[in-house]
Structures are given as structure tokens and as C-alpha cells.
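> Listed below are the residues making up each chain.
2 protein chains.
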Amino acid sequence: MSIIDNINKLFDHRIRLGIMSILMVNEKVNFKRLKELLEVTDGNLASHIKALEKSEYIVVEKSFIDRKPNTQYGATKLGRAAFKKHIEALENIIKRQMK
Amino acid sequence: MSIIDNINKLFDHRIRLGIMSILMVNEKVNFKRLKELLEVTDGNLASHIKALEKSEYIVVEKSFIDRKPNTQYGATKLGRAAFKKHIEALENIIKRQMK
Chain X
1 MSIIDNINKL
11 FDHRIRLGIM
21 SILMVNEKVN
31 FKRLKELLEV
41 TDGNLASHIK
51 ALEKSEYIVV
61 EKSFIDRKPN
71 TQYGATKLGR
81 AAFKKHIEAL
91 ENIIKRQMK
Chain U
1 MSIIDNINKL
11 FDHRIRLGIM
21 SILMVNEKVN
31 FKRLKELLEV
41 TDGNLASHIK
51 ALEKSEYIVV
61 EKSFIDRKPN
71 TQYGATKLGR
81 AAFKKHIEAL
91 ENIIKRQMK
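Which chain is which? The protein sequence lines are X and U, in order. Anchor point for the first sequence: position 65 equals 65 in the UniProt record's numbering, and the numbering is continuous, going up by one each time. Anchor point for the second sequence: position 17 equals 17 in the UniProt record's numbering, and the numbering is continuous, going up by one each time.
For the record, the hints were derived by calculation from the structure and aren't laboratory data. Any given hint could turn out to be false.
Intra- or inter-copy, both count: the list cannot distinguish identical chains.
Derived DSSO-like pairs (lysine-lysine); straight-line CA-CA distance at most 30 Å [to be verified]: (1) Lys68 to Lys95; (2) Lys84 to Lys68; (3) Lys85 to Lys68; (4) Lys50 to Lys95; (5) Lys32 to Lys95; (6) Lys68 to Lys9; (7) Lys62 to Lys32; (8) Lys62 to Lys85.
Being a predicted model, the structure only gives us computed values, none of them experimental.
Input sequences plus hints: build the corresponding full structure.
Dropping the structure here:
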């Protein structure tokens, strides 16, 4: 087994790491807030959200507030489990540095 | 400042993370050994080595052992500093999960 075995390819991008990190500690976050927190462009954020949605790591919830569309995102059970495993794998790599 | 600001784009790949992680704790490692440790193909490893070499995070040292070519890799000072910063950024993301 290699040291990078449990590093999830789907999280091999800082923006995806950021999205998941935010959704692990906040149940629902809307697009605008994610954008502000990560300081990324609309297109960039949208493409990474799509990838995470496709793999069923996050879910999209569309609703209206004062007749304005409000799209919220949340991490799925699958996504939470996958991210935890990824974080554990990163922790193992970090521990190697401290020996 | 965003939580992903110090995540280095150049390390946004599990194989690069693996290469750097190995070179942080071993002064010199040859291609064959890196390949074994990371369980990746020649082409895949070579392309990520090239990217890290281009950004001067690793150096290549070519020599001969018993007339056979022996190519070794090592992390540069710049690479070590960049990887440390990246690891610190990952640690911050991990810490957020534990609150």
C-alpha cells in the first residue's frame, strides 16, 4: 500500500478541499457565501461544485427567498465519509514530516 | 483571507504530494524507488516530477552506477519551504474539522 492510497482524487484541488471543509462545519451554505469564503470566481466555483455534486458528495437545494432564487449546498453522508478518509490520509502524510 | 490561500496549487495532486512527502524525509531517492513507493506508472510519475522540477521544488541528479544510469531526486530549499507552508495550510483545514 502506498502513502497516497487514501488521498481522494476528487479532493485533489484546493477549491474542492475548501468547499468540503466549509460544508463539513456548516449544514447549508449558499453560493454567494461559498464564493466569499473561498475568494474564487463564479465559474471556477460552479465547476468544482458540479464535480462534487456529480460524485454525490454534495447536494443542491433550490428555493426562493422573497421571490429571489436561493441555492444552497450541503455535504452528503457519502461526501462526509469520503472527506474524513481524505483528511486522515493527509494527516498521515503530515505525521511523516514530524518524525 | 480565504482558508485555501496557502494551499499551493502545485501540490494540488496526490502524486506531487507523495513525491514531496518522500523527498522531505529522504535526501535522495531514485526514480525506481519513487515509483515503488507511490505505486504509479512511469509516465505519470515523470510528468509530475517534471512539474516540480520546473518550479525548482526538486532537483535531478544524474549519475552512473556500474555503467547504468542512476537518476536521483532531491527537494530544494525552496521546495521544502513551499511544502512546509502547504502542510501548515492543510493542518489549518484539518483543525477546522475538529472544532
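> Out of the numbered hints, which ones does the structure contradict?
1, 2, 3, 6
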